[in-house]
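Number of protein chains: 2
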Amino acid sequence: MTQNIYDSPDFFAGYSQLPRSVEGLAGAPEWPALRALLPNMTGQKVVDLGCGYGWFARWAIEQGAQNVLGLDVSKKMLERAASDGEDARITYQLADLELLQLPSAAFTLAYSSLAFHYIADLGKLLRTIRDALAPGGKLVFSIEHPIFMASLRPDWIIDEQGRKSWPVDNYQIEGPRSTNWLSEGVIKQHRTLGTLLNLLIESGFTLNHINEWGPSPQDLSDRPALADEVHRPRMLIVAATR
Amino acid sequence: MTQNIYDSPDFFAGYSQLPRSVEGLAGAPEWPALRALLPNMTGQKVVDLGCGYGWFARWAIEQGAQNVLGLDVSKKMLERAASDGEDARITYQLADLELLQLPSAAFTLAYSSLAFHYIADLGKLLRTIRDALAPGGKLVFSIEHPIFMASLRPDWIIDEQGRKSWPVDNYQIEGPRSTNWLSEGVIKQHRTLGTLLNLLIESGFTLNHINEWGPSPQDLSDRPALADEVHRPRMLIVAATR
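From first to last, the protein sequence lines are chains A and B.
All the letters of the first sequence, read from the start, carry residue numbers 10 to 251 under this note's numbering.
All the letters of the second sequence, read from the start, carry residue numbers 10 to 251 under this note's numbering.
Keep in mind the hints are simulated off the structure, nothing from the lab.
As the structure is a prediction and not an experimental result, all values here were calculated from the model.
Just so you know, even glycine gets a beta-carbon here, dropped at the ideal spot from N, CA and C.
A portion of the hints provided could be inaccurate.
The following label-pair restraints were derived from C-beta to C-beta distances [stated by the list, open to error]:
#	chain 1	residue 1	chain 2	residue 2	range
1	B	E95	A	P41	54 to 60 Å
2	B	A97	A	R162	52 to 58 Å
3	B	I196	A	D237	22 to 28 Å
With the rest of the complex left out, here is chain A (with noise of 0.2 Å):
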């Protein structure tokens, strides 16, 4: 069972001042970086694992997809988003990715944002989304970078001339790791790069392309708060192919 952090009212307060949640895809700055890896939406049938506010359900369907399912763990998340309109080609559903039953290849395109790191047992809803996907189907998500989750004390470390470094420790240690972000206590899964990517690879996925997200000049210019983001790699995102 996924620890349902998102509808405590403490992390949800949090969460609905982000950017990315007042702004939506905008306010997300990797999100060129993943809609640059995402085929051509016209037909595809969609599965959204980690909706949220239904803010990339919605953009698929503007852009021509044929019907999104949207999962979601968090039910305060599932009700904004279908407050924000009724549209008969996207389904939302209350759902635990641990536990993920789905229909067997009925989507061409499977988009995850930044939920796959609070899933302990990742192979088995990657063999999951796999027999979900059509053949010649799209795995495209971003997930928190494992050098910057892995930290046991993940704080910036500040040289005597101010220059930072991102610490990295306890890599190869993998599985739990608890953080501070919005609400104290909010549980990720540390898998390395390696795990993370043979996990795809076992479940029968083909590499397409691997982002290791960082700001581009344009977002430094942009989102000068973004500085920091080119001394570590914040978000990893990546495409695959059934």
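Model the placement of chain B on the given structure of chain A, informed by the hints.
Using the frame of chain A, we list chain B on its own:
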């Protein structure tokens, strides 16, 4: 033109004292992980890019490989390799991997141990390797991990309680890194892990396995000095198929 640090007297003197130089493959803690990704060696036609003292070439022949072409930029290392015994099935050849030309579809296995991080135009080399492999041929290599190489201040940071963190900074800024290892001003080429894997994919390889090497419990028992390596990914080992 690759910097040929291996032929500088200081470096060569230091390198020749390393356990992996004295003991061969058994002196390299990552060897079991590399070996696990190699195909059955019987009948393989092997090119070894950065063959050094020829330890792998001799092992490959012992394991039944048909022949091995060992390439290295270091004349001193090739001389020592040749002095360890003639074998008609092994050919050693001086080569700058940046300028390498190989016959088309002539090999079934390309192997490289800790050489690719010296290569500036790795995309070009990978295309050369792909063309030199017969269809279905394998590429198995190790490289210094980008997280090990990225920092401009690559030294353990130790906090008041004696806990170690490996620093990551300037990760997104690719290009040369000058380090002092055995000799001053050793130049390595930093690429993100994403860039490295995408170069493989774009060169026509299918990724089979990615190992971010760390010590096993047995390694830690045999070599207590490896204890710090649980904190960081020290090397990357990749298996791919043409």
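(message) Taking the earlier hints as the rules, which of them does this structure contradict?
(response) The structure breaks none of the hints.
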